[in-house]
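Asker: My request is simple: use the sequences and hints to build the entire structure.
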Amino acid sequence: MAASSTKKRSVLGGSGVPSLLLRLVLLMLFDAATIWLGWQLVFYGQPALAIMLALVVLTINVVFLRESAMPMRWIMPALAFMALMHIYPVLFTVYTAFTNYSDGHLVPKDVAIQQIESQTYLPKDAQTFSWKAYSGPDGSYALWLTGENGEQFFATSTGQAYTKQQLVDQGVQFDEAGDPVQVESYTPVPLTQKFAVLPALQPLSFGPAEHAVKIVSPSSAAQVQPKYVYDPAQDAMIDQETSEVYANVNGTFTSASGQTLIPGFPVTIGLRNFKVLFTDPAMRGPLVTIFIWTFAFAFFSVFTTFALGLLIALVLNDPIVPGRRAIRVLMIVPYAIPAFVGVLIWRGMFNPVLGVIGTTWDPGWFSSPFWAKVAILIINLWLGYSYMFLITTGALQGIPNDIYEAAKVDGAAGIYRFWRITLPLLLVAVGPLLIGSFAFNFNNFTIIDLYARGGPPIPNTPAPAGYTDILISYTYRIAFGGGRGADYGLAAAISVIIFLIVGAITIANFRYTGMLEEVSENA
Numbered sequence: 417m418a419a420s421s422t423k424k425r426s427v428l429g430g431s432g433v434p435s436l437l438l439r440l441v442l443l444m445l446f447d448a449a450t451i452w453l454g455w456q457l458v459f460y461g462q463p464a465l466a467i468m469l470a471l472v473v474l475t476i477n478v479v480f481l482r483e484s485a486m487p488m489r490w491i492m493p494a495l496a497f498m499a500l501m502h503i504y505p506v507l508f509t510v511y512t513a514f515t516n517y518s519d520g521h522l523v524p525k526d527v528a529i530q531q532i533e534s535q536t537y538l539p540k541d542a543q544t545f546s547w548k549a550y551s552g553p554d555g556s557y558a559l560w561l562t563g564e565n566g567e568q569f570f571a572t573s574t575g576q577a578y579t580k581q582q583l584v585d586q587g588v589q590f591d592e593a594g595d596p597v598q599v600e601s602y603t604p605v606p607l608t609q610k611f612a613v614l615p616a617l618q619p620l621s622f623g624p625a626e627h628a629v630k631i632v633s634p635s636s637a638a639q640v641q642p643k644y645v646y647d648p649a650q651d652a653m654i655d656q657e658t659s660e661v662y663a664n665v666n667g668t669f670t671s672a673s674g675q676t677l678i679p680g681f682p683v684t685i686g687l688r689n690f691k692v693l694f695t696d697p698a699m700r701g702p703l704v705t706i707f708i709w710t711f712a713f714a715f716f717s718v719f720t721t722f723a724l725g726l727l728i729a730l731v732l733n734d735p736i737v738p739g740r741r742a743i744r745v746l747m748i749v750p751y752a753i754p755a756f757v758g759v760l761i762w763r764g765m766f767n768p769v770l771g772v773i774g775t776t777w778d779p780g781w782f783s784s785p786f787w788a789k790v791a792i793l794i795i796n797l798w799l800g801y802s803y804m805f806l807i808t809t810g811a812l813q814g815i816p817n818d819i820y821e822a823a824k825v826d827g828a829a830g831i832y833r834f835w836r837i838t839l840p841l842l843l844v845a846v847g848p849l850l851i852g853s854f855a856f857n858f859n860n861f862t863i864i865d866l867y868a869r870g871g872p873p874i875p876n877t878p879a880p881a882g883y884t885d886i887l888i889s890y891t892y893r894i895a896f897g898g899g900r901g902a903d904y905g906l907a908a909a910i911s912v913i914i915f916l917i918v919g920a921i922t923i924a925n926f927r928y929t930g931m932l933e934e935v936s937e938n939a
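Residues in the sequence shown are numbered consecutively from 417, following the working numbering.
No false leads were slipped in.
Simulated crosslink set (DSS-like; lysine-lysine; CA at most 27 Å straight-line):
id: 1; residue 1: K580; residue 2: K548
id: 2; residue 1: K525; residue 2: K691
id: 3; residue 1: K525; residue 2: K643
id: 4; residue 1: K630; residue 2: K643
id: 5; residue 1: K540; residue 2: K630
id: 6; residue 1: K630; residue 2: K580
id: 7; residue 1: K630; residue 2: K548
id: 8; residue 1: K610; residue 2: K580
id: 9; residue 1: K610; residue 2: K548
id: 10; residue 1: K643; residue 2: K540
id: 11; residue 1: K630; residue 2: K610
Calculated directly from the structure, the hints in this document are not laboratory data.
Since the model is a prediction, treat every value here as computed from it, not as a measurement.
Answerer: See below:
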């Protein structure tokens, strides 16, 4: 009986032969799939993510093959997702903050060089040709070219070229105008379709690369030359037309006169993004105003929602209130409605033309910097008080009545009992949730953007900014919505600063709630 029980526990514990074989088969399938995925990541230029994936997979293999690591198997999926979905994005964001990763700097250096070298120019003494288009069954094209001196030849987009004599030797038939009837599988494009195929022909080069011909107008073509050639010794692009040198400056080929070539490529630039935040007038101008409002918005959002939620919870905690269970259920309604729906409803009510509130009283819900902020706080109060009501109701149920009875015996009044007993014990339970609510509102992009998109606008600022913008919405407008292209490096730098601010506030609040725990122990 004991032996049978031991064998059963062994199999259930994962040490039996069938369990081991099953684990090995599943791990082999899992490893094969992740190896393929890792190769795809490397192929598409994501080696860092491939390395992170490899480390996660290696850890999973160790955990599931070592019996001593059995307790880790239950939480390994969560740890794996945390590493790939949280830790890696944080590390990548920090790395991006020290790069010039942005529009115009998205492709690797070799791809950028290849794209720049693909640009061509027409030399002044280049020979021009009249052309007639031919199309192949595979979608390729060719040109029948006639030069100014009467020379004629046939050039394909695949790099081949034939003189008229070579075509004659191949037995190609010519029409009355002297044009080939058909060359290999290429047939003439009807004159009526010439302009229809012109957009497809213009990007193509015809004939051998060293003598490539490109279409320069609907009636002429010419032999073009590469405009830029990369010089590895100087790490620079040379303009073949003007002989100007474009040196590599922080991932952008730049001339002595300040002209740049597109595209550039991502490189590390040190602290330049952080320097821009504090020295560039476009960033520094309204930054102080927005920084102060961000803290005020987060603080008053938490304070007002907590105060109203706690007040309702205290009222409904009294058994003499009729229908309190039904009222508690109704209190969940604002929390159950999606935030973007609630914000748009309130926005409609504040509308000065059609809104219920705006047509009755409009101190400037959208045009006044002060009242626009008040409106946002009112909306956030509606969206957040029910959540605070739920958590404070639960916390109030956990406070023993014996403490209140003892306080009454000692002669403590109701307001004294609230400040000295209820609130301190309540903050112990809900303190971490208040910290989380503060961090959420610190980055509450939804309500800011949906209500007035950060407006009303702050005047005389070189960068788009509004009086109700908070740091995250201001970051979005500077990095993505300012008409200057996406600047992911700058956005990542601001995100790092926001993370450090929220982290410092969170640590300070946790220390404060730790002090409250000591108070509760004494109580």
